[in-house]
Amino acid sequence: MTEKDSGIARRMLLRVPAVGAAAAGLAVLSGQRAASAKAAKPPTVYDVTTWTHSTNPAITCYTDIGALINDIIADIKKLQPNQSSKPGAVIYIPPGDYPLKTRVTVDVSYLTIRGDGHGFASSSIRYNAGDTSAWHEIWPGGSRIRVENTDGHSEGFLVSRSGEPRLSSVVFDNFCLDGLSFTPNQNSYANGKVGIRVDTANDAFRIERMGFVYLERGLVIRDADALSVHGNFIAECGSCVELIGSGQASKVTDNHIGAGYIGYSIFAEQHQGLLIAGNNIFPRGKSLIHLRNTNRSSITGNRLHGFYPGMLDSDGANKENLISGNHFRREPEPWGPMQPYNNGKDDLYGVIHLRGDGNMVTGNLFAYDVPPAKITPSGAKPTIILVASGHNNHLSNNGLVSNVAANAVVLDGSTLGTKVIDSATSSQFVAYTSDYTFRATP
Amino acid sequence: MTEKDSGIARRMLLRVPAVGAAAAGLAVLSGQRAASAKAAKPPTVYDVTTWTHSTNPAITCYTDIGALINDIIADIKKLQPNQSSKPGAVIYIPPGDYPLKTRVTVDVSYLTIRGDGHGFASSSIRYNAGDTSAWHEIWPGGSRIRVENTDGHSEGFLVSRSGEPRLSSVVFDNFCLDGLSFTPNQNSYANGKVGIRVDTANDAFRIERMGFVYLERGLVIRDADALSVHGNFIAECGSCVELIGSGQASKVTDNHIGAGYIGYSIFAEQHQGLLIAGNNIFPRGKSLIHLRNTNRSSITGNRLHGFYPGMLDSDGANKENLISGNHFRREPEPWGPMQPYNNGKDDLYGVIHLRGDGNMVTGNLFAYDVPPAKITPSGAKPTIILVASGHNNHLSNNGLVSNVAANAVVLDGSTLGTKVIDSATSSQFVAYTSDYTFRATP
Amino acid sequence: MTEKDSGIARRMLLRVPAVGAAAAGLAVLSGQRAASAKAAKPPTVYDVTTWTHSTNPAITCYTDIGALINDIIADIKKLQPNQSSKPGAVIYIPPGDYPLKTRVTVDVSYLTIRGDGHGFASSSIRYNAGDTSAWHEIWPGGSRIRVENTDGHSEGFLVSRSGEPRLSSVVFDNFCLDGLSFTPNQNSYANGKVGIRVDTANDAFRIERMGFVYLERGLVIRDADALSVHGNFIAECGSCVELIGSGQASKVTDNHIGAGYIGYSIFAEQHQGLLIAGNNIFPRGKSLIHLRNTNRSSITGNRLHGFYPGMLDSDGANKENLISGNHFRREPEPWGPMQPYNNGKDDLYGVIHLRGDGNMVTGNLFAYDVPPAKITPSGAKPTIILVASGHNNHLSNNGLVSNVAANAVVLDGSTLGTKVIDSATSSQFVAYTSDYTFRATP
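Residue numbers (my numbering), protein chains in the order written: chain A, 1 to 442; chain B, 1 to 442; chain C, 1 to 442.
Quick caveat, the hints were computed from the structure, so don't treat them as lab data. Any given hint could turn out to be false.
Since the list gives no way to pick one copy over another, a pair counts as held whenever it fits inside one copy or between any two copies.
[What the hints assert, rightly or not] Using 20 angstroms as the maximum straight-line C-alpha spacing, the simulated SDA-like pairs for lysine to any residue come out as follows:
| # | residue 1 | residue 2 |
| --- | --- | --- |
| 1 | 419 | 439 |
| 2 | 419 | 429 |
| 3 | 419 | 438 |
| 4 | 345 | 188 |
| 5 | 319 | 67 |
| 6 | 419 | 70 |
| 7 | 419 | 405 |
| 8 | 101 | 262 |
| 9 | 319 | 331 |
| 10 | 345 | 134 |
| 11 | 101 | 152 |
| 12 | 78 | 133 |
| 13 | 419 | 440 |
| 14 | 374 | 62 |
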């Protein structure tokens with residue numbers, strides 16, 4: 001054993017509770033083993049329930065998991081000082097209830113933070129249920145972090161690093177971030193809390209199998225490259241997934257997602273080649289998907305269920321996106337506690353509100369069912385697809401089932417060169433421009 | 001350390017084998033550690049190979065993993081008595097062969113039962129192979145539970161709880177449920193065994209990366225909300241996935257699935273907003289997907305391969321579903337041992353047999369290749385899509401390749417207002433009703 | 001305890017470092033426990049950092065993880081001699097840097113090799129970045145295996161077994177295979193290295209959440225049945241996924257994939273019922289998807305971004321495949337270091353180059369943006385879909401946005417019976433045959 005290895009082994013011995021640390025794969029070295037463990041290297045698997053804080057042992061995962069994880073990250077950086085070998089580590093969070101008082105700052109690549117349970121349960125149903133004293137349980141669970149910052153920050157987790165290269169391959173896997181409550185009331189979706197904010201450019205990140213609940217903003221990622229947001233359960237958050245700044249070659253796939261009426265289920269800004277596919281996106285969401293200056297991206301094979309106009313919304317100039325094979329179900333809010341709220345848009349806004357050029361909208365089915373009395377403006381014939389601006393958009397082979405006469409396609413007066421093919425009967429089509437091509441659905 | 005924590009630590013010490021329990025992440029506390037482990041909480045990670053049954057140590061995972069898991073669940077409930085903190089637990093099943101004699105009853109939320117290997121192997125091939133004495137192995141493997149109930153129950157796992165709230169976030173992950181054999185013969189798909197039955201309303205469940213083999217019914221889930229069935233291998237079962245009762249906002253995605261001729265690969269009853277996407281569904285299956293009174297759901301981007309008519313079947317009234325981008329391959333049974341069997345339907349039944357209103361069938365490719373001698377009734381011109389009942393269905397842009405002249409679309413006399421657009425040439429279209437719209441594929 | 005169990009327990013005691021082996025779930029038995037551990041069975045969870053090589057303790061995961069894993073596999077085979085119970089095992093690779101000098105040979109079913117981090121980082125960016133002395137880190141990470149064979153073999157992992165049955169349910173999960181460098185220069189994509197080669201028929205394999213980087217060939221699988229390649233990050237490899245020989249009922253879904261200009265991002269040979277869906281396939285790739293004699297397969301809902309013609313390529317005779325709902329973005333190489341390279345094809349070759357019969361190409365969006373000066377042959381009107389051979393292909397409802405006049409569809413003189421429906425305007429269509437059907441996009 002080299003002196004260096006030996007030193008590390010001793011240091012770990014002092015700082016890690018020996019038996020408990022073995023839980024979940026932490027390779028703890030004991031004195032008598034060190035002699036024979038020629039291969040010994042610093043451990044890379046950490047368990048929050050057994051890690052002893054380096055300077056203040058009173059800090060545990062049960063008093064402040066945020067401060068504790070920051071201490072673990074400091075240890076990782078200390079043990080991996082060499083530019084040429086920084087494999088990262090895993091921080092394991094067994095099922096349990098953990099308060100987070102201090103924001104975690106992740107500034108190392110190849111860090112996986114992994115739990116053993118996304119733990120989603122509906123807090124919305126519970127808060128609106130009245131007397132729950134006889135309930136089996138009242139909170140979300142699994143590997144559950146209660147986001148209760150007392151440090152003046154809004155985020156549970158901040159991922160950020162300056163310098164080169166950008167952070168790579170940080171993974172959040174299979175735990176629960178719970179914002180606990182909203183203010184001023186439990187149906188406001190507001191509490192200023194952010195589950196995870198990635199604030200600097202990043203590559204090959206994965207957000208997988210997580211649960212997010214009762215956060216004003218669940219997941220906010222700036223400048224993503226080759227991001228994967230897959231298999232998560234993100235619901236009852238003001239906004240769920242916000243891809244801000246810019247981004248490319250990313251995907252948001254196979255998630256359960258449903259935001260509050262104040263925010264976005266999925267928002268994408270200045271992305272290229274984003275793939276939003278196979279998600280089950282349920283109410284509510286000010287919009288379910290919102291594109292801003294996002295180009296050459298795909299919204300494919302999703303199921304969308306919304307209670308307001310603008311289910312798929314956009315602003316700015318969005319170019320050459322493919323919106324295909326999605327199911328759009330629009331009906332009014334059925335649940336009493338949420339009926340006071342909406343997104344302020346009327347039924348002329350479009351179930352799809354499209355701004356941009358060269359987009360293709362094809363093979364989608366719209367199932368619209370809003371009682372006439374709930375359609376706004378009163379007496380309006382609702383719009384399904386509104387091409388609100390832009391040129392050379394291509395709408396083809398879309399289907400509509402509606403309980404009322406509706407305009408399947410409406411073209412704004414500013415639009416140019418839209419092709420509308422087999423997407424509206426003659427009586428379902430309105431153009432405020434003369435620059436378009438129309439072939440009516442027979 | 002509080003007295004309460006101390007008490008728990010001591011109790012665990014007595015009941016959990018100390019070293020072995022550390023396997024797979026069980027945070028075991030030993031006496032000398034307890035004093036310094038101020039953060040100590042009851043463990044939430046259980047390993048079936050090291051857990052000692054609380055009342056009868058003769059019961060182990062190698063004698064009856066079902067009784068053992070029930071004992072673990074009882075321990076979870078005992079250690080988490082407080083309504084306000086029930087994070088649940090993980091029960092880990094390392095690779096191994098485990099007999100299940102007693103049905104497991106899961107009645108806690110946030111429980112993950114996790115193995116390390118779906119372990120599928122074809123028992124059908126093996127049973128029909130003749131002499132296998134020289135084979136390397138003959139059974140499925142991985143974290144394999146042999147469903148061998150001697151308790152009078154049919155299920156390996158029953159998930160059920162009365163009272164409020166419904167169970168949330170129970171996860172079955174990455175192990176194998178093997179029903180071992182069928183009776184009266186190995187090609188009957190019958191043995192009365194059910195892998196997992198969820199029998200009460202549930203939210204945010206996940207069934208992931210599992211293997212199911214040789215069960216009469218693999219997975220049966222009643223009243224699912226926001227269920228995810230993802231990444232599983234469910235084959236050589238009578239029926240594979242049955243979503244019964246009712247359900248909403250669920251998804252069955254990215255699975256390998258293939259039932260026997262007696263049952264369903266995927267069955268959905270009274271679901272809303274179900275997303276069946278990206279599955280590779282192979283033979284056989286009485287039907288590959290069967291919808292009953294299921295509405296506003298999507299069947300998108302699947303590959304389906306079947307040996308009988310009615311690959312996508314339906315009964316009742318199914319409304320406003322989107323069936324798009326699927327590949328349907330229909331050929332006759334090629335394998336000798338299974339050639340005696342079929343689902344009793346003839347080729348006029350339709351590769352798709354559609355009952356309901358406002359459904360959209362679009363962008364699918366049908367590759368039909370059945371020798372004339374095997375088409376029934378003899379001499380019939382086979383039907384690809386049969387609209388058997390309902391109004392306002394929309395068939396557009398479907399493709400057909402067939403070895404024989406076939407009717408791409410047939411409309412039953414009871415149907416009203418079907419649109420058939422670019423889905424059949426004139427010679428491939430038959431309507432027994434006069435109430436329809438037809439634009440022939442050029 | 002039976003004598004046999006006791007013997008096994010003792011043997012393990014001698015060979016496995018006691019405490020460290022408990023890491024990551026290795027069920028180690030100690031002498032004093034054995035008496036009470038009536039359930040004791042050979043362990044099935046191995047940790048590469050604690051395993052002691054059976055004959056040469058100098059071999060560790062830090063000297064040659066390949067030789068070490070081979071020793072573990074030998075142990076699995078020794079401990080599971082019985083044909084009727086071979087559940088397999090898990091080999092766990094914690095985050096770390098591990099050299100592989102000796103090829104691993106996997107010849108047991110139900111083996112999972114699992115890490116804790118795919119660890120992708122761009123080596124291409126780093127190698128072309130100039131001075132990286134100030135970088136935080138310079139290599140990929142996670143559970144990273146450096147493929148550095150000194151044994152004369154080209155593969156990091158070879159999966160191969162003769163006899164019956166074929167191997168089942170081998171799983172590679174969540175680690176990184178890094179080929180380190182290319183020769184003669186870092187932009188050649190050549191080093192002769194293969195990450196994983198499966199060389200004999202196989203069933204129900206899974207390749208999941210892996211990272212592959214800087215290998216000439218990442219993943220090569222022969223004769224796959226019901227394979228799943230899901231959620232991987234496979235980039236900066238000469239070729240990424242090659243499914244060779246033959247195969248059926250497999251899927252390549254939800255991956256990030258991007259090959260070098262010398263190879264394929266996804267290649268499939270003689271497959272039936274392959275589902276390539278929901279992938280984000282980025283540059284470069286001689287082709288992004290290449291089919292050879294592959295039938296009744298689906299390419300659905302992918303995002304493809306390429307820098308050369310032939311993004312979706314084919315040779316041989318490919319029959320009855322469905323190519324739908326994909327987004328094809330074609331632009332010229334924007335990055336200086338790679339601008340010297342291309343795949344040698346010109347813009348008349350087609351973004352899609354299709355050879356075969358009865359294929360359906362529908363609902364795709366092509367976004368073509370190549371400055372005229374970079375189009376070859378000089379002055380050519382580029383081709384988007386070239387039907388290069390075959391009969392009865394069906395192109396419908398495809399959209400095109402292009403910066404230059406382009407031929408959306410070109411039919412070779414050898415083709416017969418192609419239907420071109422709503423996929424090209426009259427000025428975007430060229431047929432060198434008279435045997436076709438054309439309905440112009442209005």
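### Query
Under a CA distance limit of 20 angstroms, which applies to residue 419 and residue 405: within one copy, between copies, both, or neither?
between (22 angstroms within a copy, 18 angstroms between copies)
#### Entry: Intra/inter-copy verdict for residue 419 and residue 70 if alpha-carbon distance must be at most 20 angstroms
neither (55 angstroms within a copy, 61 angstroms between copies)
### Message
Within a copy, between copies, both or neither: which one fits residue 101 and residue 262 at a CA-CA cutoff of 20 angstroms?
### Response
neither (26 angstroms within a copy, 51 angstroms between copies)
### Query
Can you tell me if residue 419 and residue 429 fall within 20 angstroms by alpha carbon in one copy, between copies, both or neither?
both (12 angstroms within a copy, 18 angstroms between copies)
### Message
When Cα atoms must be at most 20 angstroms apart, do residue 319 and residue 331 count as within-copy, between-copy, both, or neither?
### Response
between (29 angstroms within a copy, 15 angstroms between copies)
### Query
For residue 101 vs residue 152, is the C-alpha pair at or below 20 angstroms within one copy, between two copies, both, or neither?
within (9 angstroms within a copy, 51 angstroms between copies)
### Task
Using 20 angstroms as the alpha carbon limit, work out where residue 345 and residue 134 are close: within a copy, between copies, both or neither.
neither (40 angstroms within a copy, 51 angstroms between copies)
### Task
Have a look at residue 419 and residue 440 and pick one of within, between, both or neither, based on CA distance no larger than 20 angstroms.
both (11 angstroms within a copy, 13 angstroms between copies)
### Message
Treating 20 angstroms as the Cα threshold, decide for residue 419 and residue 438: within, between, both or neither.
### Response
both (6 angstroms within a copy, 18 angstroms between copies)
### Task
Give the relationship of residue 78 and residue 133 under a CA distance limit of 20 angstroms: within one copy only, between copies only, both, or neither.
Between copies only: 19 angstroms across chains, 48 angstroms inside a chain, cut-off 20 angstroms.
### Query
Using 20 angstroms as the alpha-carbon threshold, which applies to residue 319 and residue 67: within, between, both, or neither?
Neither way: residue 319 and residue 67 sit 44 angstroms apart in one copy and 52 angstroms across, limit 20 angstroms.
### Task
State whether the alpha carbon distance between residue 374 and residue 62 is at most 20 angstroms within one copy, between copies, both, or neither.
Answer is neither: 49 angstroms inside a copy and 61 angstroms across each miss the 20 angstroms cutoff.
Hint check: violations occur at hints 5, 6, 8, 10 and 14; the rest are consistent with the structure.
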